[in-house]
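S.K.: These are the residues of each chain, in order.
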Amino acid sequence: MSATQPKTPIVSVARAEKPKTASSPVDYAKAPVNANLTPEQKLGFLADMLRIRRFEQASLKLYQQGKMGGFLHLYIGQESVAVGTCALMGPNDHAITAYRDHGHALVVGMSMNECMAELLGKATGCSKGKGGSMHFFAPDKRYWGGHGIVAGQTPLGLGIAFALKYKGLKGCCLAYLGDGAVNQGVFHESLNLASLWNIPVVYIIENNQYSMGTSLARSSAIKSCLAERAAGYDMDWDLVNGENLYEVRAKTWDAMERAREKCKPCVLEIDTYRYYGHSVADANAKKYRSPEEIEFYKQNHDPITLWENRLKEEGVATDEIIAKIDKAAKEETAASVQFAEDSPFPEVQDIFDDIYYEVDMGTEAGKTGRHFFND
Amino acid sequence: MPVITYRQALNDAFAEELERDENVFLMGEEVAEYNGAYKVTEGLWKRFGDKRVIDTPISEAGFIGLGVGAAMMGLRPVMELMFWSFAYVAYDQIINNAGCVRYMSGGLINCPLVIRGPANGGTNVGATHSHTPENFFANTPGLKVVCPATPYDAKGLMKTAIRDNDPVCFMENTLLYGDQGEVPEGEYLIPIGVADVKREGTDVSLIAHGRAVLTSLAAAHRLHEEFNISAEVVDLRSIRPLDEQTILDSVRKTHRAVLVDENKPFCGVSSQIATMIQEHAFDDLDAPIQRVCSLDAPAIYSPPIEKQQLPTADRVIQKVLAVC
Chain U
1 MSATQPKTPI
11 VSVARAEKPK
21 TASSPVDYAK
31 APVNANLTPE
41 QKLGFLADML
51 RIRRFEQASL
61 KLYQQGKMGG
71 FLHLYIGQES
81 VAVGTCALMG
91 PNDHAITAYR
101 DHGHALVVGM
111 SMNECMAELL
121 GKATGCSKGK
131 GGSMHFFAPD
141 KRYWGGHGIV
151 AGQTPLGLGI
161 AFALKYKGLK
171 GCCLAYLGDG
181 AVNQGVFHES
191 LNLASLWNIP
201 VVYIIENNQY
211 SMGTSLARSS
221 AIKSCLAERA
231 AGYDMDWDLV
241 NGENLYEVRA
251 KTWDAMERAR
261 EKCKPCVLEI
271 DTYRYYGHSV
281 ADANAKKYRS
291 PEEIEFYKQN
301 HDPITLWENR
311 LKEEGVATDE
321 IIAKIDKAAK
331 EETAASVQFA
341 EDSPFPEVQD
351 IFDDIYYEVD
361 MGTEAGKTGR
371 HFFND
Chain G
1 MPVITYRQAL
11 NDAFAEELER
21 DENVFLMGEE
31 VAEYNGAYKV
41 TEGLWKRFGD
51 KRVIDTPISE
61 AGFIGLGVGA
71 AMMGLRPVME
81 LMFWSFAYVA
91 YDQIINNAGC
101 VRYMSGGLIN
111 CPLVIRGPAN
121 GGTNVGATHS
131 HTPENFFANT
141 PGLKVVCPAT
151 PYDAKGLMKT
161 AIRDNDPVCF
171 MENTLLYGDQ
181 GEVPEGEYLI
191 PIGVADVKRE
201 GTDVSLIAHG
211 RAVLTSLAAA
221 HRLHEEFNIS
231 AEVVDLRSIR
241 PLDEQTILDS
251 VRKTHRAVLV
261 DENKPFCGVS
271 SQIATMIQEH
281 AFDDLDAPIQ
291 RVCSLDAPAI
301 YSPPIEKQQL
311 PTADRVIQKV
321 LAVC
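Chains U and G, in that order, give the protein sequences.
Numbering of the first sequence is given in our numbering, commencing with residue 1 and proceeding in unit increments.
Numbering of the second sequence is given in our numbering, commencing with residue 1 and proceeding in unit increments.
Just so you know, not all the hints are guaranteed correct.
Unchecked claim - Label pairs and their calculated CB-CB ranges:
(1) U/P139 with G/Q245: 31 to 39 Å
(2) G/K39 with U/F352: 40 to 48 Å
(3) U/Q41 with G/G74: 26 to 34 Å
(4) U/G362 with G/Y34: 36 to 44 Å
(5) U/N374 with G/T128: 19 to 27 Å
(6) G/G43 with U/K141: 36 to 44 Å
(7) U/I222 with G/G74: 36 to 44 Å
(8) G/S302 with U/K141: 54 to 62 Å
(9) U/D350 with G/E187: 32 to 40 Å
(10) U/F352 with G/K46: 44 to 52 Å
(11) U/D234 with G/E279: 52 to 60 Å
(12) G/K307 with U/P91: 57 to 65 Å
(13) U/K30 with G/Y34: 21 to 29 Å
Unchecked claim - In silico negatives: residues of chain U with every beta carbon more than 12 Å from chain G:
(14) P25
(15) K30
(16) A31
(17) T38
(18) A58
(19) R142
(20) G148
(21) N183
(22) M212
(23) Y288
(24) K298
(25) E314
(26) I321
(27) D326
If you are wondering where the hints come from, they were derived from the structure by calculation, not from laboratory data.
These numbers come from a predicted model, not from an experiment.
C-beta: ideal position from N, C-alpha, C; glycine also.
Let the hints inform the model, and build the full structure from the sequences given.
M.R.: In structure tokens:
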């Protein structure tokens, strides 16, 4: 191998063996959930992907300027997953994810303003500056976070779906996790319970190949596929090529329908890739994988570029239309940065709100006994 | 007034709340078809069916997490831990999810969940099954912790816990399940965060929760009979929220406090009570605050010795005599 030749990218067998969009034997564009999409809807998906990317780029800049604390787990490179799945949610469908939660938040309808303000720890943030990057919530949009502990959200997704079934509502819960979360015990407990009790939950593994700095090959006994673990719980599973938005939508929709109609849970593994580190604080982001590998994915597997090309092929988009959409995403992002910067921080006394419902509401229960033990 | 067991009082509370609110369900290991490992849920599955009373696999992290998620959606799960000692495998779900989700969502979410089961030593099951973790959970703002000592309190507090809109850790005691006490027929509720003076006295305050209340009552009886000392017994009933006023009123009356606590002494519930008393009633004290806790080691198996590891009436009396 010459010095100038790019190293072979480390890809999962799932991705390597999977047919690429162009030569795919199944035309997912013709799947029922895609066949009747209007040009506006298709451009809407592009707009959402671009909104996520521009939002994340702006938040990276703010982080580097020292305007936020803690961690920042960027979604750049994975946009097709949130857009391809969350956009399928109906009125009784719910979503919950881990700490890489900005993309899903924007797709379910949270505003850039409230999200950007949360990153800056402002009182106008979606969690009033109490949650931060990893903890975005919008229960009114059926989005239940935003959870910081790897796989800790997986039984919550189960419980949300359990509640739907208990109430007799025909819906499902999309419960997202990363490839690193599949090795946590509580994920396996959740799979067993989901299958045992026929709970309408769809687990979506966003396989971006690395659990922080540890590649799949170094973290999973089964190298080729993570979703297959569901087979151990007599549960449906499937692999999804994350760079093909039509495929993401088609396979996720099928899983959602099985959950909604038959209360059959499922595990989907969507192959994807993150361009940045595990978090922005991940100093080794280019050490456990080569810069050439990252570049390879940007050049050949970028979900936004691929969708743009697809829409141009279909005659739905032109460079001018794309530029206009991107300009709107940038403007919305810039406005959100301004909003966040202009917003006030919470007050010190706000620390003691939002701990107990009964106290917040001033109920009799909230006034009985001492709840907080400060000096 | 009817006399029933602590176990039956809890069972009645579940039945009444299951009847009252269709969002209430019971879930846990062996709670349904087996009728409960300690028969606390006996007959409820037969009466309310599969939807409302649900057996789980041995999978505490999974099903407690499920309960948190279901509570976020507005259901009122009552989750049984066969022992509170098993909470440790579900710790992340209880602390990070049940305890923190309201805060991290800026108040958008609440979690009306009850997690319940016995938390006590004294049954010769060794260290792993004998934990009393009320201090661990009370250390988490966002959680409530309740430890009833009598059948009357168990029923009234359980009904309140189920209706509370925050997560409540409800800690029972296998050694109390068979205890009998007067429980009125029909509906009553006991607020969480209100202590109860179980015995009036003038010379010393014995401040306790859970089974230590009964130990304190036995000690108070002997102090009166053998030493002519009048001990008041304050039952905290709830650890968080805490009824400070009742504690302080008692100490200001008796001027002496002996804290009786099945927790281990280091950073135990009684540590917090001692700090609170010296902060607010230092000038009322005529003697240093004393504590009687479990002896500071993992729970020993050996049956006669384990009895000595827990707070005993003898040790309470010794501490009282040291300050009276």
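S.K.: Indicate, hint by hint, whether the structure satisfies it.
M.R.: Going down the list of hints, with the structure as the test:
1. U/P139 with G/Q245: 31 to 39 Å: holds, 36 Å
2. G/K39 with U/F352: 40 to 48 Å: Since the Cβ atoms of G/K39 and U/F352 sit about 42 Å apart, the hinted range of 40 to 48 Å holds.
3. U/Q41 with G/G74: 26 to 34 Å: Since the Cβ atoms of U/Q41 and G/G74 sit about 32 Å apart, the hinted range of 26 to 34 Å holds.
4. U/G362 with G/Y34: 36 to 44 Å: At 42 Å between Cβs, range holds.
5. U/N374 with G/T128: 19 to 27 Å: violated, 35 Å
6. G/G43 with U/K141: 36 to 44 Å: holds, 42 Å
7. U/I222 with G/G74: 36 to 44 Å: holds, 38 Å
8. G/S302 with U/K141: 54 to 62 Å: holds, 58 Å
9. U/D350 with G/E187: 32 to 40 Å: holds, 38 Å
10. U/F352 with G/K46: 44 to 52 Å: With a Cβ separation near 45 Å, U/F352 and G/K46 satisfy 44 to 52 Å, so the hint holds.
11. U/D234 with G/E279: 52 to 60 Å: holds, 58 Å
12. G/K307 with U/P91: 57 to 65 Å: Between G/K307 and U/P91, where Cβ atoms are some 59 Å apart, the hint holds.
13. U/K30 with G/Y34: 21 to 29 Å: violated, 52 Å
14. P25: U/P25 clear of chain G: closest Cβ-Cβ about 38 Å, beyond 12 Å.
15. K30: Its Cβ never comes within 12 Å of chain G, the nearest being 36 Å, so this holds.
16. A31: holds, 30 Å
17. T38: The claim stands: U/T38 keeps its Cβ more than 12 Å from every Cβ of chain G (closest is about 33 Å).
18. A58: holds, 22 Å
19. R142: violated, 10 Å
20. G148: Its Cβ does come within 12 Å of chain G, the nearest being 7 Å, so this is violated.
21. N183: holds, 14 Å
22. M212: About 18 Å separates U/M212 from the closest Cβ of chain G, which puts it past 12 Å; holds.
23. Y288: holds, 26 Å
24. K298: Check passes; 33 Å lies beyond 12 Å.
25. E314: holds, 40 Å
26. I321: holds, 37 Å
27. D326: U/D326 is indeed farther than 12 Å from all Cβ atoms of chain G, at 31 Å.
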